[in-house]
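Turn these sequences into a full structure, and let the hints steer you where they fit.
Just so you know, the sequences run in chain order U and W. The numbers in this note's numbering rise by one with no breaks, and the one at position 132 of the first sequence is 132. The numbers in this note's numbering rise by one with no breaks, and the one at position 53 of the second sequence is 315.
Heads up, some of the hints might be wrong.
[As the list claims (entries may be wrong)] Calculated lysine-lysine pairs in the BS3-like style (CA-CA distance at most 25 Å, straight line):
#: 1; chain 1: W; residue 1: Lys472; chain 2: U; residue 2: Lys73
#: 2; chain 1: W; residue 1: Lys472; chain 2: U; residue 2: Lys245
#: 3; chain 1: U; residue 1: Lys245; chain 2: U; residue 2: Lys73
#: 4; chain 1: U; residue 1: Lys121; chain 2: U; residue 2: Lys104
Note that these hints are calculated values from the structure, not bench results. Being a predicted model, the structure only gives us computed values, none of them experimental.
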Amino acid sequence: MRALDTAATGMAAQDLKVQVIAGNIANMGTTGFKSQRAEFQDLIYEHVQRIGAQASDQGNILPVGIELGSGVKTVGTPRLMTQGTLSQTGNTLDVAIQGSGWFKIQMPDGTFNYTRDGSFKMDAQGRIVTSEGNVVQPGITIPQNATGLTINNQGQVSVTLPGSSTSSILGQFTLTTFINDAGLQANGDNLFSATPASGQPQDGQPATNGAGSLLQGSLEQSNVEAVTEISNLIAAQRAYEMNSKVITAADEMLQTTSQLLR
Amino acid sequence: MENALLIGLSRQMALAHELDIVANNVANIDTTGYKADNAAFSEFLMPRASDQDFTGRDRRISFVQDHASWLNMSEGAIQHTGNPLDVAINGPGYIQVQTPRGQRYTRNGALQINSTGQLVTNEGYQVIGDGGPIQFQTGDHDISISPNGVITALSGTDPTDAPRGHLQIVGFDQPQLLQKDGDSLFVAPANANPTPSPLGTRIEQGAIEKSNVNAVAQMARMIQITRSYNDIAAILQQQGDERRSALQQLSQLPSSS
Chain U
1 MRALDTAATG MAAQDLKVQV IAGNIANMGT TGFKSQRAEF QDLIYEHVQR
51 IGAQASDQGN ILPVGIELGS GVKTVGTPRL MTQGTLSQTG NTLDVAIQGS
101 GWFKIQMPDG TFNYTRDGSF KMDAQGRIVT SEGNVVQPGI TIPQNATGLT
151 INNQGQVSVT LPGSSTSSIL GQFTLTTFIN DAGLQANGDN LFSATPASGQ
201 PQDGQPATNG AGSLLQGSLE QSNVEAVTEI SNLIAAQRAY EMNSKVITAA
251 DEMLQTTSQL LR
Chain W
263 MENALLIGLS RQMALAHELD IVANNVANID TTGYKADNAA FSEFLMPRAS
313 DQDFTGRDRR ISFVQDHASW LNMSEGAIQH TGNPLDVAIN GPGYIQVQTP
363 RGQRYTRNGA LQINSTGQLV TNEGYQVIGD GGPIQFQTGD HDISISPNGV
413 ITALSGTDPT DAPRGHLQIV GFDQPQLLQK DGDSLFVAPA NANPTPSPLG
463 TRIEQGAIEK SNVNAVAQMA RMIQITRSYN DIAAILQQQG DERRSALQQL
513 SQLPSSS
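Here it is in structure tokens:
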């Protein structure tokens with residue numbers, strides 16, 4: 001019976017949806033996390049009787065046909081690239097992006113990854129790095145004894161050096177924009193990498209060419225909304241249950257048929 | 263063969279088909295822009311080849327036939343997502359999509375941008391605007407889609423909205439002629455005559471149209487299907503029993519007395 005397989009695809013889809021929701025809820029407190037959503041589409045149809053087929057020699061056209069669908073499939077889990085709320089931390093090396101754009105991070109193998117998580121640290125050489133110790137591009141080194149580290153909204157990092165009364169600019173953060181942010185591939189550790197779907201990375205400076213501006217002493221929270229996730233979870237669970245009921249019904253009908261035989 | 267058996271069988275086959283349709287609806291209870299299918303049955307009168315002349319003539323026999331499945335084109339609930347590339351169509355109308363198989367129509371407004379900056383569906387099919395595909399430029403942000411489908415975006419630091427295209431929403435006089443093509447797409451027959459911008463259609467940005475499957479109705483339908491399937495099975499069983507006892511009794515030779 002086809003209904004068994006169809007309902008099974010429905011159960012698999014809802015199972016995946018619960019997995020996506022679980023990932024969102026688990027990352028509710030992850031800096032710079034962007035929530036995901038499971039997108040579904042219907043599977044191909046068997047046209048038992050095609051719409052518009054000729055029904056008689058007089059040219060009558062069937063106004064309706066018989067279409068039997070074969071279930072549902074997951075087409076993608078796109079990320080919702082909206083701005084997360086900013087929370088003030090007061091930490092001088094915490095930087096939040098307001099608007100579009102990604103921090104460019106050099107990985108140990110020399111390739112570049114991108115992140116919205118601006119909770120930066122300083123390593124032993126005074127370089128500005130991520131929590132994993134990867135260098136934030138273009139690689140800004142803060143000299144020893146420097147005080148008064150400030151990052152302005154264009155990403156310029158300036159410090160006051162000992163014996164000087166004015167601050168000096170050490171460098172400027174790179175912000176990378178993509179034409180399709182949703183096409184970036186997530187690599188864990190809040191890092192993303194460019195794919196053919198995201199388009200070429202466009203390196204630039206903050207607050208220019210559509211890139212967002214920076215805010216020192218703040219972090220971008222995840223854009224997961226608890227209420228949405230919980231209501232989606234309830235809906236997914238109920239939908240799963242209903243699909244299982246269809247399997248029960250199909251099973252019951254098969255059982256009835258087999259019991260005819262004595 | 264006994265006619266009752268065959269009539270019962272025709273009903274059971276139709277019910278099995280209907281359960282398939284219900285199963286597909288329930289599986290797609292969470293599919294964006296999905297439209298529920300319904301089954302329609304018709305009576306099939308057996309052609310008579312019997313003699314009508316004697317009194318108490320043969321009775322007509324009617325079988326059941328699953329004659330059509332029809333689409334419920336009512337609107338699904340609109341869910342707000344906050345994603346600027348999600349559009350819900352409020353009112354009759356379809357988004358036009360270019361696929362390798364030809365022109366298709368969809369109510370699934372969960373759109374994306376591809377690597378060349380074109381507006382596409384989740385499957386990567388181009389969304390067709392008034393002047394062909396809708397193209398975004400590098401540096402575009404704050405994309406806005408107006409209720410009548412005008413797409414604008416802010417580009418770079420320019421504070422004025424730059425036009426990027428116009429979503430073409432088409433309507434059909436007879437939407438029931440649309441055929442499902444999978445991937446949330448519909449295909450229109452050659453004589454369907456799509457008309458642009460049907461009356462009473464508004465586009466809502468940041469929202470998607472959920473599936474219009476009514477869970478309660480589908481569950482009730484399913485119970486009805488299993489119950490009638492069981493009832494028919496009971497009738498078939500009874501018929502079988504009747505035949506068996508008839509055979510047993512009639513085959514007994516009368517005792518010689």
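- Task: Compare the distance between the alpha carbons of lysine 472/W and lysine 245/U with 25 Å, and conclude whether the hinted pair is satisfied.
- Result: holds, 21 Å
- Would you mind confirming whether the straight-line C-alpha gap from lysine 472/W to lysine 73/U stays at or under 25 Å? holds, 15 Å
- Message: lysine 245/U and lysine 73/U were given as a pair; does the straight-line alpha-carbon distance stay at or below 25 Å?
- Response: holds, 19 Å
- Is the hinted pair lysine 121/U and lysine 104/U satisfied, with a Cα-Cα distance of at most 25 Å? holds, 15 Å
Hint violations for this structure: none, all hints satisfied.
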